[in-house]
Amino acid sequence: MNAKFKIKPLRVLLALLLALSIPLVIASDDFIAPEEFLASVFTGNLPASNTVWISGDKKEIVEDILGHRPAFLRVRYWGNRDRSAWIVDEIGKTEPITIGVVIVGKQIEEIKVLAFRESRGWEIKYEFFTRQFDGVHIKDSQRLSRSIDGISGATLSVKAMTNVSRLALYLAEFISS
Amino acid sequence: MGIVSALFVILLSFSGLILHHSPALNLDNQFISSSRLLSWYEIEVPTIKIQYRAGQHGVRLIAEAIYFDSDRLPGSFSDLKGFVATEFGYVAATSNQLLLLTDTGEVIEVLGRVNLLPTGISRIGRDAAGRLVLQTAMGIIDADLDGLRWTPSTSPASELSWSDSTAPQAQLSARIRADYAASLVSWERLLLDIHSGRILGSLGVVLVDLMALLFMLMAASGVWIWSRRRN
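Going line by line, the protein sequences match chains E and P.
Its first residue numbered 1, the first sequence is counted upward by one per residue in our numbering.
Its first residue numbered 1, the second sequence is counted upward by one per residue in our numbering.
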């Protein structure tokens, strides 16, 4: 073989490491502004926002859904009983992940990661993962109607997103008609 | 040498075993409160940057944490701009958020850019009619927290009263600093530092490196001796 085309293992290794580090760099800059998310959901006609209070029995159920005491007493949504959008912050491992959920009737229409601040687990923002939630509703004990496939190395982020989807579906039941 | 190696093997295996199950044991969310262990890390606990008082209560900013009286609020914050009493409890302002709190310090809701709250808040206060006003980068804004409307204020500047910072009491300050210090080093961090030798500084890392080399030497020599005996 011509020496000019000789494969240099060190260079190959460095190129591989560089290629593997690119997704991490992209992940740290990922951000969808909440107003941008809402504008895309309601195509420019942003409805008035309202809130669902987490009081009485709801407090215990929300604690059960999230696996910890909620850091807020009410959650804001935009829209109405037929179609609503929710934006919730939930801790993955140490940092809050901002997640937007759109609910039509009693099912999820769309779920998106708006801001991801953790160093690992960013794969949950990709459509191959989020589309698993399309059409999902909650059954008894606020469990999702479909099991969500996890992602290796992103267990806590997957859990955070699953819990937020359950929370939004549960709270959407309390939107007054 | 064998006994020293055995002790190191036990220490490394034990710390490694616990670290392996650290998420299940929730060790990354449990923090060391022992002042002796914390002083080992030579952590310089930050002081309270600013404090505001309203009615019977007050809020303080220490590093990136806000305390309502002596209880830490969830989340991290870069600044604190004021604190006012309202009919439902209190509102604490940062430069880009309003924290709506009950009179016992529970977070009702955090309003931010998603609620179209103007950014660059530098002060929070009230006008002559008791309405909430914000000094923002866009000027003075009337804040309607029910309708989430932010409109330019028409009140004369002389009729506005702003939330002013006050000096924290020494006793409360010490309590908050102690509580904050107890959230800095997790048990997982301590175990990682024991496992890597960093608990003893750079000398500890060298020591663990030497022990690792020693283990490899012992393993290789053991196999070599065993193979010689077999032959």
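Hints should not be assumed to be uniformly reliable.
Claimed, not checked - Computed cross-link-like contacts, DMTMM-like style, restricted to lysine to aspartate or glutamate with a CA-CA straight-line distance of at most 25 Å:
id	chain 1	residue 1	chain 2	residue 2
1	E	K59	P	E106
2	E	K59	P	E87
3	E	K58	P	D193
4	E	K59	P	D146
5	E	K93	P	D193
6	E	K59	P	E188
7	E	K58	P	E188
8	E	K58	P	D146
9	E	K93	P	D71
10	E	K112	P	E109
11	E	K59	P	D103
12	E	K93	P	D146
13	E	K93	P	E188
14	P	K49	E	E95
15	E	K58	P	D79
16	E	K93	P	E87
17	E	K93	P	D79
18	E	K159	P	D79
19	E	K59	P	D79
20	E	K159	P	D28
21	E	K93	P	E109
22	E	K159	P	D193
Hints in this document: simulated from the structure, not taken from any laboratory.
Each hint tested on the structure:
A threshold of 25 Å between alpha carbons decides the hint, and for E/K59 with P/E106 the separation of about 13 Å falls inside it, so the pair holds. Annotation: proposed proximity of E/K59 to P/E87 holds, straight-line Cα distance about 23 Å (limit 25 Å). Restraint check: the Cα-Cα separation between E/K58 and P/D193 comes to about 42 Å, which exceeds 25 Å; the hinted pair is violated. Distance hint between E/K59 and P/D146 is fulfilled; the C-alpha atoms sit about 22 Å from each other, no more than 25 Å.
The hinted pair formed by E/K93 and P/D193 meets the criterion: a straight-line CA distance of about 20 Å does not exceed 25 Å. Of the pairs offered as hints, the one joining E/K59 and P/E188 is violated, with about 31 Å between alpha carbons and a cut-off of 25 Å exceeded. Taking the CA atoms of E/K58 and P/E188, the gap is about 34 Å. The hint is violated against a cut of 25 Å. Of the supplied pair hints, the one linking E/K58 and P/D146 holds, its CA atoms being roughly 22 Å apart against a limit of 25 Å.
With a C-alpha separation of about 22 Å, the suggested pairing of E/K93 with P/D71 holds against the 25 Å cut-off. The suggested pairing of E/K112 with P/E109 holds, with an alpha-carbon distance near 21 Å, which does not exceed 25 Å. Simply put, E/K59 and P/D103 have alpha-carbon atoms about 19 Å apart, close enough for the 25 Å limit, and the pair holds. A C-alpha spacing of about 33 Å is found between E/K93 and P/D146, which places the hinted pair above 25 Å, so the restraint is violated.
Between the alpha carbons of E/K93 and P/E188 the distance comes to roughly 13 Å, so the proposed pair stays at or under 25 Å and holds. A threshold of 25 Å between alpha carbons decides the hint, and for P/K49 with E/E95 the separation of about 23 Å falls inside it, so the pair holds. Between E/K58 and P/D79, the direct Cα distance comes to roughly 32 Å. Violation of the 25 Å bound is thereby established for this hinted pair. As the CA atoms of E/K93 and P/E87 are separated by approximately 36 Å, the hinted pair breaks the 25 Å bound.
For the given pair, E/K93 sits about 24 Å from P/D79 by alpha-carbon distance, which is consistent with the 25 Å threshold. At roughly 31 Å between alpha-carbon atoms, E/K159 and P/D79 are farther apart than 25 Å, so this suggested pair is violated. A threshold of 25 Å between alpha carbons decides the hint, and for E/K59 with P/D79 the separation of about 30 Å lies outside it, so the pair is violated. Under the criterion of a C-alpha separation no larger than 25 Å, the hint pairing E/K159 with P/D28 is consistent with the structure, at around 17 Å.
With a C-alpha separation of about 22 Å, the suggested pair E/K93 and P/E109 falls inside the 25 Å cut-off, and the hint holds. For the proposed pair E/K159 and P/D193, the alpha carbon gap of about 28 Å is over 25 Å, so the pair is violated.
Violated hints for the displayed structure, listed by number in ascending order: 3, 6, 7, 12, 15, 16, 18, 19 and 22.
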